[in-house]
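Letter 118 of the sequence shown, counting from 1, is numbered 118 in our numbering, and no numbers are missing.
One should not assume that every hint holds.
Using 16 Å as the maximum straight-line C-alpha spacing, the simulated EDC-like pairs for lysine to aspartate or glutamate come out as follows [unchecked claim]:
#1 Lys-169 - Asp-58
#2 Lys-21 - Glu-224
#3 Lys-214 - Glu-224
Since the hints were derived computationally from the structure, they do not count as laboratory data.
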Amino acid sequence: MLLASDFDNTLYVSDINIVNKNIKSINKFREKGNLFVIITGRGNSIRKYIEEFNIPYDYLVCENGAIIYDKDDNIVSSTYLHEEDINKVINIIKRDNLDFILDTGKDYLNEFNDFSSSIACIFLDKKTITNPEELLNEILNTTNTYSYLSENWINIVDKNIDKKIALDKLNEILNNKYEIHAIGDAINDISMITSYNGAIMKNHEKELNSLQNKEYDSLFEYIEELI
Numbered sequence: 001m002l003l004a005s006d007f008d009n010t011l012y013v014s015d016i017n018i019v020n021k022n023i024k025s026i027n028k029f030r031e032k033g034n035l036f037v038i039i040t041g042r043g044n045s046i047r048k049y050i051e052e053f054n055i056p057y058d059y060l061v062c063e064n065g066a067i068i069y070d071k072d073d074n075i076v077s078s079t080y081l082h083e084e085d086i087n088k089v090i091n092i093i094k095r096d097n098l099d100f101i102l103d104t105g106k107d108y109l110n111e112f113n114d115f116s117s118s119i120a121c122i123f124l125d126k127k128t129i130t131n132p133e134e135l136l137n138e139i140l141n142t143t144n145t146y147s148y149l150s151e152n153w154i155n156i157v158d159k160n161i162d163k164k165i166a167l168d169k170l171n172e173i174l175n176n177k178y179e180i181h182a183i184g185d186a187i188n189d190i191s192m193i194t195s196y197n198g199a200i201m202k203n204h205e206k207e208l209n210s211l212q213n214k215e216y217d218s219l220f221e222y223i224e225e226l227i
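Make a model of the complete structure from these sequences and hints.
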């Protein structure tokens, strides 16, 4: 089996006791020969939590699938934004004086003089945006990107990226030999939940209300049921 878990509010929650139980179950799951994948809209910022809690994984999928790392931090798959779309978003950033992060998959860039065309994801800080939903619609209508609102950011990746597509790619790398399961709580988890025997956290976002998948209070409860 291969289990893909969202990070924020799924694997990593506010109750550290639950986090520790999740990690214990992940170790138990992997000891049985299964693969565990962290799949997140975050970029490299996630690594500080992985290191702090010593969270085990076999693959790490960041920026909703734009970059896939193995457990040794090697990039095994990458999909970068097209230069035309990057330039369109940069023009919006300059026009509205927005705070931003350009994520290369290895580094976070905060200045345009460090700009590289190999950008996996652009994060726009919602705190500096007057109307995030209106700006999101502008980005969706003028660029060829998959963009959405997360808790603190507008996340922008290539149009051909989402968590389901990322798991498809990973499955191909692994010669399609694993039965895939997935769990998450947010709008960017819908594609993988509906495609791969998915489960939903009970504390999920309202966009998942219409899904009929089974709900769980915690990741470790889902893992214990799987094994």
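Evaluation of the provided hints:
Between Lys-169 and Asp-58, the direct Cα distance comes to roughly 15 Å. Compliance with the 16 Å bound is thereby established for this hinted pair. A threshold of 16 Å between alpha carbons decides the hint, and for Lys-21 with Glu-224 the separation of about 11 Å falls inside it, so the pair holds. The suggested pairing of Lys-214 with Glu-224 holds, with an alpha-carbon distance near 14 Å, which does not exceed 16 Å.
Hint compliance for this structure: every hint is met.
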